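Chemist: One letter stands for each residue in the lines below.
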Amino acid sequence: MNENRIQILEMLAAGKITAGEAERLIAALDKQPQAAGDSPKSKPKYLRVVVRSEEGHNPNDPSVVNIRVPMQLLRAGVKLASLIPAQARDHVNCAMREQGMPFDLSQIKPENLEELVDQLDELTVDVSQKYSNVKVYCD
Amino acid sequence: MIPFVARVTVRYKRLDFRIWIPLALVWLLLLPVVLILSPLFLIACAAGRVSPLRVLSVCWDILANTKGSQIEVASAGTSFSTYVF
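Those protein sequences? They're chains A and B, same order as listed. If you read the first sequence in the numbering used here, its first letter stands for residue 745, the second for the next number, and so on. If you read the second sequence in the numbering used here, its first letter stands for residue 1258, the second for the next number, and so on.
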C-alpha cells in the first residue's frame, strides 16, 4: 500500500474525512498512474536529413551534409500549396496526371496537410550504398 | 517571432571562422525594398487571384519558423555551417 493511500485511511480513521471522501480520494489516486501512462510521447521538433559519402575521399573523413528543418517550418511550407493560383493548379494536375499520378491539388485541405506533417513523426528513410548513406528522420 | 540572429561557421584546415549575423538589421535594411516592391506584389496577387493578406501570412509563418534551422556541409577537412536562432 502506498503512502498516500495510508494517509487517506489515517484521515478516515481520525474522522477528518468521510468514507465517501476517502473513496473519491483513493479513486483519484488510482487514476493518477493511468494519466501518467497516457501522456503523449514528445513530438519531434525537427526533420533531419543526413548524407554521408566516402566516395573519392579519405574514408576516415567522409563528406557530410547535415540539414535540420524545424517541423513548424514544414507546416508553414505546406500552406504554400493553398496559394497556388487556379490556373497553375490545373497545369500541375495535368502534369501529374501525365506522370501517372491522377491527383487533384484542389482536394488538399489545410487539415490534410497538417495530418501529413504529423505523420512525418514516424518517418525514417535510410538508404545505404557502398560509399554513401542517406538518412531522413525526425528528432 | 522572426529570427534575429544567424551564425555562420567556416572551418578550413586551421582556420576557424565564425560570424554572427544580426538578422534584425538585415530585415530593417530589406524593409524599404519590400515597400518599393509592394505594388508589384499586389499586382501579382491580383493576377493570380490570391489574397495578398494570405500570402503575407504564409510568408511570415515561413520566416518565423526558420528558427532552429541548421545546415552543415563538411568535406575533406573543410566545413561550413549555418544556424538560425
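Everything labelled a hint here was simulated from the structure, so no lab data went into it. Heads up, a few of these hints could be off.
[What the hints assert, rightly or not] Label-pair restraints from in silico Cβ distances:
1) A:Pro788 to B:Gly1305: 52 to 62 Å
2) B:Leu1313 to A:Glu767: 24 to 34 Å
3) B:Cys1316 to A:Arg768: 49 to 59 Å
4) B:Phe1337 to A:Leu849: 29 to 39 Å
5) A:Glu855 to B:Arg1271: 46 to 56 Å
6) B:Gly1305 to A:Asp774: 57 to 67 Å
7) B:Leu1310 to A:Val808: 21 to 31 Å
8) A:Leu849 to B:Leu1310: 13 to 23 Å
Just so we're clear, the structure is a prediction, and the values are computed from it rather than from any experiment. For every residue, glycine included, the Cβ atom is placed at its ideal position computed from N, Cα and C.
Chemist: Would you list, in rising numerical order, the hints stated earlier that this structure does not obey?
Modeler: Violated: hints 1, 2, 7.
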